[in-house]
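Note that the protein sequences, when read in sequence, are chains V and W.
The numbering of the first sequence is my numbering, which starts it at 1 and goes up by one.
The numbering of the second sequence is my numbering, which starts it at 254 and goes up by one.
It should be emphasised that the hints constitute simulated quantities derived from the structure, not laboratory data.
Among these hints, one or two may not hold up.
As the list claims (entries may be wrong) - Facing chain W, according to a computed beta carbon distance under 7 Å, are these residues of chain V, among others:
#1 F143
#2 V167
#3 A240
In this text the structure is predicted, and so the values were computed from the model without any measurement.
Glycine residues also receive a C-beta, built at the ideal position from the N, C-alpha and C atoms.
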Amino acid sequence: MTRTTAPRFNLYWFSSPQTFYPLAGKLVPWFAALAVILTLVGLYIAFLVAPTDATQGESYRIIFIHVPAAWMSMFLYVVMAFWAAVGLAFNTRLSSMMATAIAPTGALMTFLALWTGALWGRPTWGAYWVWDARLTSELILLFLYLGFIALQAAIDDPRRADKAGAVLAIIGVINVPIIYFSVKWWNTLHQGASVSVKGSSMATTMLVGMLIMALAYWMYAIAAVLIRVRTIILEREKRADWVRELVAKETLK
Amino acid sequence: MLNTFVQVIRRDLLLAVRQKADVLNTLFFFVVVVTIVPLGIGPEPNLLRSIAPGVVWVAALLAAILSLPRLFANDHADGTLEQMLLSAEPLTLIVLGKAVAHWLVTGLPLTVMSIVFGVAFDLGLEETFVMVVSLALGTPVLSLIGAVGAALTLGLRGGGVLTSLLVLPLYIPVLIFGSGAVGAAATSVSYSAYLLLLGAFLLFAIVLTPWLVGIALRISVE
């Protein structure tokens, strides 16, 4: 019989699907609530407090949606590849499940970044889409996410799906620095970064609004991934005793 | 070790010679795809000249994708692949040999054939030369990256379409710099940077992909 309470604080304790499942369940409402609050605050600053941009007018306000989505799309890919690599190297099932759970959220963020970018490009550049290095590499990122999802979906054996997906995810990481530096390496239409560690070239309220929105996206991503990973755990471990007991308890309620 | 490498290449070339149709079909596909483009968009010489590098490169990409399943599928079906995985010789070397053989029967004929298209699309001597060099540097990269995709999707249902879905995004840099080199030559800009980058891709791929293919094959066969 396995123990169901942690003896003391130990990160490895939660590396098993059985112990992680209830923890994730407890964390989800917190992250979801934070996501809602931060989104409301962020959007309030974005649309009501932040000043109108001197050159781009009101249309610049889409960056409050666009930039955090683009950040998350790259960041989530790296996190996904990290968990996939951990799963491949140490054969830990939960890490691979995390990678699988992150992929759809990452793809969603990438799509959102491309979509809002198109809507912003129309009034600013006069075109929904240009074949600029930043846009093209972001589009490739979407293809990489979709390829990862498609590969895992095509393989019936979950362990093989985990490992094959991991190899693909690791290869794709090469694309992330290309996206990030594309505006520097190729002098193209997409504007350079306004925010960096050294400081930012934006008005403070704009920056605060954007950072709050980025945090909101972050919280949303964590909540969504945790919900998804819980489902994956139940699906994969459906033959384990603890899942049967859990399901039996839930149905009795 | 070198002997293993040479033997793998010899074996795959011998198999290719015995099944000529497979090899010739890839080349024929390449020729047909390039040929239908002028029929589709009209015989305007200036337009054709400007799109020729892109058309030839996209056709080369598609031909490479089409020929990928042959890389491991037959060996997987008759059990040879398992013996290769069990072999005491380094797997990376065997994989590299297979990729080289694959390039010799697909990439190399395409590269040679592209000279004809240089003439057919009325490219200058220098542009044709750059196109041939860019294909000679780029098509081995296609074989090497493609080998990873073929190994990952080995024995899966719908493997062919899936392979192209995985591999095409990874082919994009090669495509951009390959056709970019010819485009630069056409506008009399220095094209050496493009070719140098293609050469860098090739070296990078030779070092990394055989190792990744080895991992992918072990995952697929275990």
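Any hints this thing doesn't respect? Which numbers, in order?
3
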